[in-house]
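Asker: Sequence:
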Amino acid sequence: MTESATAPEAALDDATLAGRARDGDVRAYEQLVMRYQGAIFGLMSRMLGSAVDAEDATREVFLTVWRRIARLPDDNAFAAWLYRTAITRCLTTRHAESVPAGAAQDAAADSAAAADERAAAVLNSALQRLTPEQRAGWLLREVHGRSTEETAAVLGIDPAAVAGLVMRARIRLAEVMTPWRPTK
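The end of the sequence shown is residue 184 by the UniProt record's numbering, with every number in the run present.
It is worth saying that the hints were derived from the structure and are not from the lab.
Glycine included, every Cβ here is placed at the ideal spot set by N, Cα and C.
Among the hints, a few may not be true.
[Said to hold, decoys possible] The following label-pair restraints were derived from C-beta to C-beta distances: (1) Arg68 x Ala174: 31 to 41 Å; (2) Asp25 x Ala77: 17 to 27 Å; (3) Thr148 x Thr16: 25 to 35 Å; (4) Met177 x Glu133: 11 to 21 Å; (5) Val26 x Glu175: 42 to 52 Å; (6) Ala77 x Met34: 15 to 25 Å; (7) Asn76 x Ala161: 22 to 32 Å; (8) Gly24 x Met177: 43 to 53 Å; (9) Asp158 x Arg27: 31 to 41 Å; (10) Ala160 x Thr131: 13 to 23 Å.
Generate coordinates for the entire structure from the input sequences, incorporating the hints supplied.
Answerer: As structure tokens, then:
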């Protein structure tokens, strides 16, 4: 995965690239990795609560997907299949269930960047207080913009259950984040 893709390869849709990757086209798979690695890393980082663990897990997910690309049921479902592989990796990792909620690091009050960093740390800490399933559902819907149907497919649950799962996550996050709401 060393050379950058040509413009035509970069413009191809996921289904075309997935089909080519299934046929052994490494460059097509490289394009899929480049397209999704940031999103998958972000998801893994928030699920696992550690950037270091997320880096390792992200590499494992992309390696697993490459090894199993021949099993992809539908080229049009590549993104959902990739997200499901990532979520499954998180949910089956003992670490995902035992990450401590931990307090966010104190940041310098006069720095806007430090305040943003602290708010992000508090949000990540709050996310760790959700069940792994709630965390996954909330992240897929709210951060990654996946539809209810896609989220249901990734989590292996009924679409109606996604709404309840995400609602419970929102309620819990609202409770935890109340001190961070701006006061009038």
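Asker: For the hint 31 to 41 Å, verify it against the beta carbon of Asp158 and that of Arg27.
Answerer: 38 Å, holds
Asker: Asp25 and Ala77, beta-carbon distance inside 17 to 27 Å?
Answerer: 18 Å, holds
Asker: Indicate whether the distance between the beta carbons of Asn76 and Ala161 respects the range 22 to 32 Å.
Answerer: Since Asn76 and Ala161 have Cβ atoms about 24 Å apart, the given range 22 to 32 Å holds.
Asker: Does the Cβ-Cβ separation between Thr148 and Thr16 fall within 25 to 35 Å?
Answerer: 26 Å, holds
Asker: With 15 to 25 Å as the target window, see if Ala77 and Met34 comply at their CB atoms.
Answerer: 19 Å, holds
Asker: Does the Cβ-Cβ separation between Ala160 and Thr131 fall within 13 to 23 Å?
Answerer: 18 Å, holds
Asker: Falls inside 11 to 21 Å, the C-beta gap from Met177 to Glu133?
Answerer: Holds: the Cβ-Cβ distance is about 20 Å, inside 11 to 21 Å.
Asker: Within 42 to 52 Å or not, the Cβ separation of Val26 and Glu175?
Answerer: Cβ of Val26 to Cβ of Glu175: about 47 Å, so the range 42 to 52 Å holds.
Asker: Measuring from beta carbon to beta carbon, are Gly24 and Met177 in 43 to 53 Å?
Answerer: 47 Å, holds
Asker: I want to verify a distance hint. Is the separation of the beta carbons of Arg68 and Ala174 within 31 to 41 Å?
Answerer: The hint (31 to 41 Å, Cβ to Cβ) holds, given that Arg68 and Ala174 are roughly 38 Å apart.
Going down the numbered hints, you'll see the structure goes against none, and every one checks out.
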